[in-house]
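Peer 1: Heads up: the sequence lines are chains P and Z, in that order.
Letter by letter, the first sequence follows residues 1 to 369 in our numbering.
Letter by letter, the second sequence follows residues 1 to 254 in our numbering.
I should point out that these hints are in silico values taken from the structure, not numbers from a laboratory.
Being a predicted model, the structure only gives us computed values, none of them experimental.
Even for Gly, the Cβ is constructed at its ideal location relative to N, Cα and C.
There may be inaccurate statements among the hints.
What the hints assert, rightly or not - One-sided and incomplete, this derived list gives chain Z residues near chain P with beta-carbon spacing under 10 Å:
#	residue
1	Arg58
2	Asn61
3	Leu63
4	Ile82
5	Asp86
6	Arg90
7	Gln97
8	Asn100
9	Leu101
10	Ala118
11	Gln119
Chain residues, written in single-letter form:
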Amino acid sequence: MAPICISSAKPTHAPPRPPPQRTDSWSHWLRRNFFQNAGSAVMTALALWALFVTVPRLVRWAFVNAVWYTQDAADCHAAAGACWAIVPEKYRVMLFGTFPYEEHWRGVLVIAIVLGLSALSTIRRLWSYWLCVAWLVATAAVFTLLLGGVFGLRPIGTHEWGGLPLTLVMFVGTVVGGIPAGILLALGRRSKMPAISALCVGFIEIVRGLPLVTVLFMASLMFPLFMPEGVTIDKFLRAQIAMTLFFAAYAAEVVRGGLQAIPRGQYEAADTVGLNYWQKMTRIILPQVMRIVLPSMMNEIIRAFKNTTFVGIIGLFDVLRATSTAIQDPVWVRYSIEAYLFIFILYFVLCFAMSKYSERVERDLAVGR
Amino acid sequence: MTDTAANASTHEPIVELRGVNKWFDDFHVLRDINLTVGRGEKVVICGPSGSGKSTVIRCINRLEEHQEGDILVDNVELTGDIRRIDAVRRKVGMVFQSFNLFPHLSVMDNLTLGPTLAQGVPQQEAEQRADELLRRVRIPDQARKFPGQLSGGQQQRVAIARALMLRPQVMLFDEPTSALDPEMIHEVLDVMTELAEAGMTMICVTHEMGFARKVADLVVFMDAGEVVEAAPPQQFFEDPASERTRLFLSQILH
Ligand SMILES: Nc1ncnc2c1ncn2[C@@H]1O[C@H](COP(=O)(O)OP(=O)(O)OP(=O)(O)O)[C@@H](O)[C@H]1O
Ligand SMILES: [Mg+2]
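Extracted from the complex, chain P is given alone in its bound form:
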């Protein structure tokens, strides 16, 4: 028998009309998201119970019964809640560590310059040659303020640096030095000269195979052994170099990923219009690479910021170490949680800002594509 075709289609006659109304009342929404089925209802109930148990106690401790300001630790002792008074009491030591007390205004200026210029740098309209100049000027200003010795400023040795200025300078130095170093390492890794490429691969892999703490210890303990007699590099600089090299190894891997994403045709086109290697890299390849890797580079940058807390281990007074020193005061020592919470919030705000910013850049670049 001949097969019978049962497929069919009916011609339609339907003018376009708006989509059906979504009936999304909030009771509906609640049911859909929290009480879909028995399992999700149990989870919701458990979560609610957990919140019910913890949140009121937390609120009572942190706000209701808290002591916000006092110069007498006994007031805190009398209260049942948090003792936020430790922050106004100790903030100078927490934020500036070993930095000489009368010179704290210099530290304040450094913080203002670094944070202010970082904020300005997030505005894409301002991205230009002038922003680089501004950073150079800012760097000079920051080091003048911190080191002193000119313009009638009292000289301050790096061993006296501390607190947030130290953290910020260490962080900015790490990123500003580490990105170019990372780019050079990534380019070196692809070099046609085997010696250069082996050197770069070796460096990247060794550094990535080590915990930051060991790199810092090596810098602080072993560097001096390799140095010729009489040459000493100060502790801050040693830590700065170690942090920068550590960051550079990770930045190099990020850049390498970006380099792989650039089609061969871009290199060839650059060759045919007569550009030499460095012109080709700086004008054609790297601008495209940096655009691609910006989100992952921001991740590394945020991590570098958090990593600055490790320098406390080799005896530098970054914010965290300065704080743990500040709370050594026997009168206040029992309120260390509040002091640490304050510092955690500080770190969180800065990291969160960076992460939000990187999200925005990612979105902007996606739109531009």
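Starting from the structure of chain P, add chain Z with the ligands where the hints point.
Peer 2: Just chain Z with the ligands now, with coordinates in the frame of chain P:
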């Protein structure tokens, strides 16, 4: 090949390949290629996929390195010497199948970057030159746009203008219209035809046989890394000597 020789005797040769051989690892991709292109003449290269057409023209500006034989461009012999490579690349412009414009730069910057950086042409002069060329490829109003904002045909014409910025003596085209929608092919071919009429030396890999018929002085058919046939278009299309050519033509002309 006799025709090439005849041309070469009346005009001076500008590109010469003598006994060029090239291997990709063990794969013999160019086998004893001899090709002479006279100044101002137009050569179209065609042949099946993988026959080595791209490789031949990429050897002419050293995007690929040949292992045996001589390649001379305007009397400069291509060797590993970086100065010679630079000298040759200054004389040779290239247009790619996939345009290869710089996506992060405006059309204007795409054009001026080469001359200003590589030849030290002042920015203003380079921009003038760019304006002129953009008019010539009929996209005068797009200089501030970015490549991603242009149609394929417009992008390829920008790429042609970019290649002309260095005032090359020879233009290489590697399937310049293969990545384009049919309605855009013509705008690109028109620009190329005008360029040919203006006397530019052109070596063009293409399967646009209408274009070949109209502008080519010599049509070269390659297969499996060899030049199978080389003849003026009239003879090439009407009366090809080789059976392989005839087969190829019957496949692409229908
Ligand atoms: N970089 C490379 N490494 C190894 N083999 C290659 C490379 N480039 C090309 N080939 C091979 O060489 C041969 C010739 O390539 P070529 O690109 O010159 O061909 P073509 O004639 O231009 O073909 P198409 O019409 O597909 O562009 C092909 O078989 C290709 O696979
Ligand atoms: Mg090809």
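Peer 1: Run every hint past the structure and note whether it holds.
Peer 2: Quick rundown of the hints versus the structure:
1. Hint status for Arg58 (chain Z): holds, given a least beta-carbon distance of 8 Å to chain P, under 10 Å.
2. Here the hint on Asn61 (chain Z) is kept, as its CB sits about 6 Å from the closest CB of chain P, short of 10 Å.
3. At about 5 Å, the closest approach between the beta carbon of Leu63 (chain Z) and any beta carbon in chain P falls short of 10 Å, and the interface hint on this residue holds.
4. Given the 10 Å rule on beta carbons, the hint for Ile82 (chain Z) holds: about 9 Å separates it from the nearest Cβ of chain P.
5. Given the 10 Å rule on beta carbons, the hint for Asp86 (chain Z) holds: about 7 Å separates it from the nearest Cβ of chain P.
6. Look at Arg90 (chain Z): its Cβ gets to within about 6 Å of chain P, closer than 10 Å, so that hint holds up.
7. Satisfaction of the interface hint for Gln97 (chain Z) is found here, the shortest Cβ-Cβ separation to chain P being roughly 9 Å, below the 10 Å cut-off.
8. Annotation: interface hint on Asn100 (chain Z) holds; nearest CB of chain P at approximately 4 Å, less than 10 Å.
9. Taking 10 Å as the C-beta contact cut-off toward chain P, the hint placing Leu101 (chain Z) at the interface holds, the least distance being around 7 Å.
10. At its closest, the beta carbon of Ala118 (chain Z) sits 3 Å from a beta carbon of chain P; the interface hint therefore holds under the 10 Å criterion.
11. Interface restraint check for Gln119 (chain Z): the shortest CB-CB distance to chain P comes to about 7 Å, inside 10 Å, so the restraint holds.
Checked against the numbered hints above, the structure breaks none of them.
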